[in-house]
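So the protein sequences, as listed, match chains X and A.
In terms of my numbering, the first sequence has 61 at position 61, counting the first letter as 1, and numbering is strictly consecutive.
In terms of my numbering, the second sequence has 84 at position 84, counting the first letter as 1, and numbering is strictly consecutive.
Derived by calculation from the structure, the hints in this document are not laboratory data.
Glycine residues also receive a C-beta, built at the ideal position from the N, C-alpha and C atoms.
Just so you know, not all the hints are guaranteed correct.
Distance condition first, Cα-Cα at most 30 Å in a straight line; then the derived BS3-like pairs of lysine-lysine [to be verified]:
1) X:Lys27 x A:Lys97
2) A:Lys30 x X:Lys101
3) A:Lys5 x A:Lys72
4) X:Lys165 x X:Lys27
5) X:Lys101 x A:Lys119
6) X:Lys79 x A:Lys72
7) A:Lys94 x X:Lys101
8) A:Lys122 x A:Lys80
9) A:Lys135 x X:Lys110
10) X:Lys101 x A:Lys97
11) A:Lys122 x A:Lys97
12) A:Lys120 x X:Lys72
13) A:Lys22 x X:Lys27
14) A:Lys13 x X:Lys79
15) A:Lys72 x A:Lys97
16) X:Lys110 x A:Lys5
17) A:Lys44 x X:Lys27
18) A:Lys120 x A:Lys44
19) X:Lys79 x A:Lys80
20) A:Lys97 x X:Lys79
21) A:Lys72 x A:Lys119
22) A:Lys36 x A:Lys80
23) X:Lys101 x A:Lys72
24) A:Lys72 x X:Lys95
25) A:Lys26 x X:Lys110
26) A:Lys94 x X:Lys110
27) A:Lys175 x X:Lys79
28) A:Lys3 x A:Lys26
29) A:Lys54 x A:Lys26
30) A:Lys44 x A:Lys135
31) X:Lys110 x A:Lys120
32) A:Lys94 x A:Lys44
33) A:Lys25 x X:Lys72
34) X:Lys27 x A:Lys36
35) A:Lys30 x A:Lys135
36) X:Lys101 x A:Lys47
37) A:Lys119 x X:Lys95
What follows is a list of derived Cβ distance ranges for each label pair [as the list claims (entries may be wrong)]:
38) A:Glu90 x X:Leu30: 34 to 42 Å
39) X:Ser3 x A:Gly121: 43 to 51 Å
40) A:Ser40 x X:Arg23: 23 to 31 Å
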Amino acid sequence: MQSKREREKVGREKLQNIVESCRSVEKRSLDPFLIDVSESINVARQYLPEWEIPEDLCLDAETIHQLASVIKLQSEWVKHRSTSLYTDPFLLEEKLERMPKEEIVGTFLKIWCPIVELEQISLHSLAEAMRYWESLLPLSERWKELSPAEVEAGLATKEELVEQKILRDKAFSEELEDLWRELKAKAKDADGRISYWDFVGAETYEETVDRAFMTSFLITYGYATLEIHPLEEQVFIKPHETPEAKVGKKQLISVPIAIPVEEWIRWKNGEQK
Amino acid sequence: MSKRKAYYASKVKRATHMLFYKRHKKPGVKGWELRKVLGSDYPKVLKVLDDYLKAMDLQVKTVFEEERQIEKPTLEQLDKARFFVTLRGELTPKEAKMVGWRIDDLAGLAITISHIISKKGKAPRKEVEELLRNKLPGWKVGLNIDRYVHYGYLSQDENEQLYLDWRTRAEVDQKALIDLLLRAEG
Numbered sequence: 001m002q003s004k005r006e007r008e009k010v011g012r013e014k015l016q017n018i019v020e021s022c023r024s025v026e027k028r029s030l031d032p033f034l035i036d037v038s039e040s041i042n043v044a045r046q047y048l049p050e051w052e053i054p055e056d057l058c059l060d061a062e063t064i065h066q067l068a069s070v071i072k073l074q075s076e077w078v079k080h081r082s083t084s085l086y087t088d089p090f091l092l093e094e095k096l097e098r099m100p101k102e103e104i105v106g107t108f109l110k111i112w113c114p115i116v117e118l119e120q121i122s123l124h125s126l127a128e129a130m131r132y133w134e135s136l137l138p139l140s141e142r143w144k145e146l147s148p149a150e151v152e153a154g155l156a157t158k159e160e161l162v163e164q165k166i167l168r169d170k171a172f173s174e175e176l177e178d179l180w181r182e183l184k185a186k187a188k189d190a191d192g193r194i195s196y197w198d199f200v201g202a203e204t205y206e207e208t209v210d211r212a213f214m215t216s217f218l219i220t221y222g223y224a225t226l227e228i229h230p231l232e233e234q235v236f237i238k239p240h241e242t243p244e245a246k247v248g249k250k251q252l253i254s255v256p257i258a259i260p261v262e263e264w265i266r267w268k269n270g271e272q273k
Numbered sequence: 001m002s003k004r005k006a007y008y009a010s011k012v013k014r015a016t017h018m019l020f021y022k023r024h025k026k027p028g029v030k031g032w033e034l035r036k037v038l039g040s041d042y043p044k045v046l047k048v049l050d051d052y053l054k055a056m057d058l059q060v061k062t063v064f065e066e067e068r069q070i071e072k073p074t075l076e077q078l079d080k081a082r083f084f085v086t087l088r089g090e091l092t093p094k095e096a097k098m099v100g101w102r103i104d105d106l107a108g109l110a111i112t113i114s115h116i117i118s119k120k121g122k123a124p125r126k127e128v129e130e131l132l133r134n135k136l137p138g139w140k141v142g143l144n145i146d147r148y149v150h151y152g153y154l155s156q157d158e159n160e161q162l163y164l165d166w167r168t169r170a171e172v173d174q175k176a177l178i179d180l181l182l183r184a185e186g
């Protein structure tokens, strides 16, 4: 008596064999009736109760999918055989083998109707071409050389990189801590929380986006939390006194907050709730 | 000349220019192009032209998008079809040489086309190469298949499977070819 493990192993091998055979029939245009579909389905059915892990169930699904493709090929095969164009390839191959080249060509010429194509220059097209040539600017004028501005290689200073926003002027953690302190100070003046837009909003839109980006880290790393009032469409941000590690305690959720320019303008004009 | 005759004579002239001279990379003209230039009665103009061409052993051939001949095509099917002028009768082997084909290359084409037809319109390139190698020198086999593909008789996919392409559909009566080959005494 086979153990369950052995039965699973044999079953996997059998299904893999079926999948491989189906694939080779499809790829190499072999006779699809080489596959005994009914027997293969019986094999798949026999082992289906054994499968427990997703990989085995996927293999079972793949087997059924491949068998379906073979059934489709079989149906096409039958359809083709019933048309007047059906010829046994072996019979034809044998015929062609025995026929001399001259006879094959003679036969082909009886049914070959090559397309008639002409390519000819006319006086009209010559005159047209001449007119085009006359109006064509010389290459030197059409392809004026663009001399690229010469730039001398040199070293960039830290200030320049900060200016180009390649580097930040403070370390990330330092910047995060500063923002946290700022949040705590602002929230203290209010009732322990501050409107999200009042906190991230800045003089320029770029600065606002930058503050929103940093604020998202404040929340993710547990320095602060969001208070959302969906009905009032208000979002508040509340600082924690000490960073809180949330993982494992509560289920974390992502809150996407869009920062569109229009919203920023409304905030700046004091129209934001 | 009656008004009606003059009308068709001028349209037939335009149709001749369009069909004989290559306008695109592929020869032939699409139905909708003919309709644009000749008007909606272009199938009738083509019929008149076909009658004229009969005397010169030429014909107007229609190749439908559906890859098969259609007995009574709709206007939509005609618009999508491609029209060519082809030979109506037969060429002699000597004439075939004159139109630029060597006997070996033509025999190779006949074998390739008939093999693909017998394989339901698709055959692996390797299999066709093997078949051609029986009667053609090995170095020529690959070159010939590339040439058939270049001319539009065959197409090849990324899995190196060969199919019959637009030129075979325009120039070769597939059923007649198979019938003739099977009836041949060889």
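Now the hints, each set against the structure:
1. X:Lys27 x A:Lys97: Between Lys27 (chain X) and Lys97 (chain A) the Cα gap is close to 38 Å, so the pair fails against 30 Å, i.e. violated.
2. A:Lys30 x X:Lys101: 36 Å, violated
3. A:Lys5 x A:Lys72: 26 Å, holds
4. X:Lys165 x X:Lys27: 54 Å, violated
5. X:Lys101 x A:Lys119: Measuring from Cα to Cα gives roughly 21 Å; hence the hint holds.
6. X:Lys79 x A:Lys72: This hinted pair holds, its Cα atoms lying about 23 Å apart.
7. A:Lys94 x X:Lys101: The hint holds at about 14 Å.
8. A:Lys122 x A:Lys80: Given pair Lys122 (chain A), Lys80 (chain A) holds - Cα atoms ~24 Å apart, limit 30 Å.
9. A:Lys135 x X:Lys110: Satisfied, since the Cα-Cα distance of roughly 21 Å is no more than 30 Å.
10. X:Lys101 x A:Lys97: Holds. Lys101 (chain X) to Lys97 (chain A) sits at ~14 Å (cutoff 30 Å).
11. A:Lys122 x A:Lys97: Holds. Lys122 (chain A) to Lys97 (chain A) sits at ~29 Å (cutoff 30 Å).
12. A:Lys120 x X:Lys72: Given that 30 Å is the threshold and the Cα spacing comes to 14 Å, the pair holds.
13. A:Lys22 x X:Lys27: 38 Å, violated
14. A:Lys13 x X:Lys79: Outside the cut-off at roughly 44 Å; violated.
15. A:Lys72 x A:Lys97: Judged against 30 Å, a Cα distance of about 37 Å means the pair is violated.
16. X:Lys110 x A:Lys5: 36 Å, violated
17. A:Lys44 x X:Lys27: 46 Å, violated
18. A:Lys120 x A:Lys44: Violated. Lys120 (chain A) to Lys44 (chain A) sits at ~35 Å, over the 30 Å cutoff.
19. X:Lys79 x A:Lys80: Holds, because 26 Å separates the two Cα atoms, which is no more than 30 Å.
20. A:Lys97 x X:Lys79: 39 Å, violated
21. A:Lys72 x A:Lys119: Since the Cα atoms of Lys72 (chain A) and Lys119 (chain A) sit roughly 29 Å apart, the hinted pair holds (cutoff 30 Å).
22. A:Lys36 x A:Lys80: Roughly 13 Å separates the two Cα atoms, so the pair holds.
23. X:Lys101 x A:Lys72: With Cα atoms ~38 Å apart, Lys101 (chain X) and Lys72 (chain A) exceed 30 Å; violated.
24. A:Lys72 x X:Lys95: 36 Å, violated
25. A:Lys26 x X:Lys110: Holds, at about 24 Å.
26. A:Lys94 x X:Lys110: 13 Å, holds
27. A:Lys175 x X:Lys79: With Cα atoms ~16 Å apart, Lys175 (chain A) and Lys79 (chain X) stay inside 30 Å; holds.
28. A:Lys3 x A:Lys26: Roughly 35 Å between the alpha carbons, so the hint for Lys3 (chain A) and Lys26 (chain A) is violated.
29. A:Lys54 x A:Lys26: 24 Å, holds
30. A:Lys44 x A:Lys135: 46 Å, violated
31. X:Lys110 x A:Lys120: Roughly 22 Å separates the two Cα atoms, so the pair holds.
32. A:Lys94 x A:Lys44: 35 Å, violated
33. A:Lys25 x X:Lys72: Violated. Lys25 (chain A) to Lys72 (chain X) sits at ~37 Å, over the 30 Å cutoff.
34. X:Lys27 x A:Lys36: 44 Å, violated
35. A:Lys30 x A:Lys135: 38 Å, violated
36. X:Lys101 x A:Lys47: This hinted pair is violated, its Cα atoms lying about 37 Å apart.
37. A:Lys119 x X:Lys95: 15 Å, holds
38. A:Glu90 x X:Leu30: 34 to 42 Å: Distance hint for Glu90 (chain A), Leu30 (chain X) holds at roughly 37 Å.
39. X:Ser3 x A:Gly121: 43 to 51 Å: 50 Å, holds
40. A:Ser40 x X:Arg23: 23 to 31 Å: 50 Å, violated
Comparing the model with each numbered hint stated earlier shows that hints 1, 2, 4, 13, 14, 15, 16, 17, 18, 20, 23, 24, 28, 30, 32, 33, 34, 35, 36 and 40 do not hold.
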